[in-house]
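Read off the chains here:
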Amino acid sequence: MDFDKLLNFWGHHLVMAGVWIALALSLNLINGFTGLFSLGHQGFWGVGAYVTAVVLTVLPAEMGWADAGMLSFLMTFPLAMLVAALFGLIVGVPCLRMRGDYLAIATLGFGEIFRNIAINSEWLGTSQGLSVPNVFRAFLQEQIGLERMAARRAEMFFYIALSWAVALLTLLLLRNLMRSAHGRAITAIRDDETAAELLGVNLTRYKVLVFVLGAALAGLAGAVYANYQRYVSPNQFGFMQGVIFLVIVVMGGMGSFSGTILAALLIYAVPVFLTFAPDTWVIPIFYDPTQGGVVHRSLKDLWQVFFSLMLIIVVLLRPQGLMGNREFSLVKLWRRLFGKKSESASTSGEAGA
Amino acid sequence: MADFFNFLLNGLSIGSIYALIAVGYTMVYGIIKLINFAHGEFYMFGAFVGYTALMFAFGVPASGGEPGYLPLLAAILVAGVATAVLAVIVERLCYRPLRNAGRIVALLSALGVSLFLQNLGQQTVSANYRKFPPTIADSRFPRSEVPLDSIQPGDIFSRNVILTYAVIAEDGRPQQRSATVALAGEPVEAGQLAQARALAQNSALEAHAYSYARVTINNKQALIVVTLLLVAAGLYLLVQHTRFGRAMRAVSVDFEAAQLMGVPVDRIISGTFFIGAFVAGLGGVLAGGMYYERIDPLMGLMPGLKAFVAAVLGGIGSIPGAILGALILGMSEKMVEAYVSSGLRDAFAFGILIAVLLVKPSGILGRFEGEKV
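Residue numbers (the working numbering), protein chains in the order written: chain A, 1 to 353; chain B, 1 to 373.
This list has only true hints and no planted wrong ones.
Some but not every residue of chain B turned toward chain A, in silico, with C-beta under 7 angstroms:
hint	residue
1	I35
2	L107
3	L344
4	I354
Keep in mind the hints are simulated off the structure, nothing from the lab. Beta carbons: idealized from backbone N, C-alpha and C, even for Gly.
Build the full structure now, drawing on both the sequences and the hints.
And the structure:
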C-alpha cells in the first residue's frame, strides 16, 4: 500500500481516537470523579461541533462576509468551548439540584432536545446537517503555497497532532485539578455528598464548576471533530454515541485517567482491527426464513453485541471498572516485574486492595 | 373544533401506548428504585414475538383474508408471556446481584441490557423495518353505511362518503384502500361515482361506502384504549386486593422491613417484573404491530424514553400516576404536533420532563421522599 492510503486510513483513526480520549476524559471528570451521572455528554460535544459549523459556514453566508479564513478557523476552538460551557451552565445550574438517576434522565433530555432542535432548524441544516469548509487546507495551499498532495499530508499530520494535543491538554488539566485542594473536595462529593457538605464543601459551586468544565472540554473536542470531519449532522451526536463514552468511562474505571485512556483506545481500536478480518470469517447466528434461512454475521458486526455484553459483565463482576480508581504507571509495573522481593510484595499487596 | 377533538382522541390512543409501557417502568421503580432502561426493549421484544407467532405459528401469510381478532389475541398472550419470562430472566441475572450495589451501578447494568437487546436484535432479525402481518381491518367509528347503489349523481350528503375496498398487494394478501365518493355539501359527480362502483366491483374483500361523523375514532386506537382500561382495572385489583399486591406495596414502602416480616422479597420483585413486562409485551404487539404495522429492533428506544417521561410526569412509583402522565403526555404531544410543529414533538416531551423534574420532582401523583442520612 502506498504511503497516502496508509496515512489516510491510520491518520483518520488516530484523529478519532484522540477525540474519543478527550471526550471520555471529560466525561470521567463529571461521572467518575464527581459522581454526577450525566447522559448528555454527546450534546455538549455536538454543541461544540455545531458552533464550529455555524462560525465557518452559516455566519459568513448569512452576514455576507467573505469566506471563512484562518482567523475564523482559530476562533472556532475557543468559541466552541465558550458556548458549550454556557450550555453546561444553563443545563447544570438547575439540573444539579437533582440527585443520581434523575440527573441522568434530565441530561439525557438535554441531549435529545439539542438534537431535536438541530433536526428542525433550517438554520442548523435540519437532519441533513452542515458542511464545514476546509479552511486549513486552503490556508496551506494558498498562503503557504504547498502543492495539493503535500497540503493533504500536512493537513492530516496537523489534525493528528491537534486531536492528541487536545486529549493531552484535557488530561493535564484534569489531573492537575484532581491533585489540587479542589480535586479533594470533588472526590469528597463523590464519596459522600452529605458528609462533604457538612465539612464545608460548597456542593453547588463544585458541581457547577465540574459540569461547566466538562462541557467546555467536550465542546473543544467537538470543534476538533467538526473541523476534521468537515461535516456535522444531528445523528452523529445521538444518545447511542453518548452511551459509548459512558461505557468507556465505566470500563476504564470511574476515576482513573489511565483506565479511561486504555478503555477508549481499546473500544475504538477493536472494531477497526476487526475490519481486517477476511470476509469469509462469518458466524451463523440466527435462523430466519424471511431472511432466506441461516443469518451469518461478520466479527465486526458482532462486536456491537459483544460490546454491550461486556458492559453488563464488567458492571456485574467489577463495578469499579477495569482500573478502579488506580492509575497505570510504567515505573510501578517495572518495579513489580523486576524489583526486589520485598518491594514487589508491598506493591502487589497494594494492588489487591 | 372537530379537528381538535380528533387530535385529542389520537393523542389519547398514543398516550395509551405510552401508558402500557409506563406502568412497567413505574412498578419496577416503585419497588426497587431502578430505572429499567431495558423496558423499552421489552416492548420491542413483545412486538417481535407477536410477529413470529402470527407469521409462523398461526399461518397468517398463507391465509388469504384478514386474520381477525382471535389470532391477534393469541399473539398478544404469547408475546406477553414470552416478554415476561425474558424480564424475569434479566432481573435474575443482571439486576438481582446488584441490588445492594447502588442505584447508578444498577442503572448501568440496565443500560447494558438495553444495548444488548438492541444490538442482538439488529444482528439477528436485521436492522431493517419489517411490515407486521395484517391483523384486523381498519375502520373508523361512528359511521353509517350508504349503499352504493342508492347514490345518484347530483345527490348532496352532509358528511363525506368514503368507499372502503381492498386490492391484492404484491405479497398476495388483500390490502385495504379507501376512495372518496362524495365530499360533504357537494353534489356527487357522475364520473367519481362510476369509478367508485368499479372499484367496489373489483374489490378483493367486500366493499362498503360509509358516511363518517366529524369526530371519529379508529377501531385499532379504540382497542388500545380499551386494553389500557382493562390493564388498569386488573392492576388496581391486583395491587389493592390481593396478597401479592399487599406484599408489593410493603416492599415498595420498606424493603428491609418487608423482608423481616416474612415477605418473599425476591419472588415479589420477580412477579413485578413479570407483570410489568407482560403489559409492555402486549403493548408491543398492539402498538408497534397492529397499529403502526412496522417493527424494528430499535422501535423500543423512543417509546421507552417517552414512557419514562410519562412515569416521571405522573409521579414515578405510582401506577395511576403513570397512566395519567402518559395520557397527558400523549395528548399534549399531539397538540404540539398539530398546532405548533410536528418536528418539535420530542423536544417538547423532554422539555416537560426537565420542567417537571425542576418544579415538582415527585410528579403529579407521586409522594415526596426525603433523603435518609
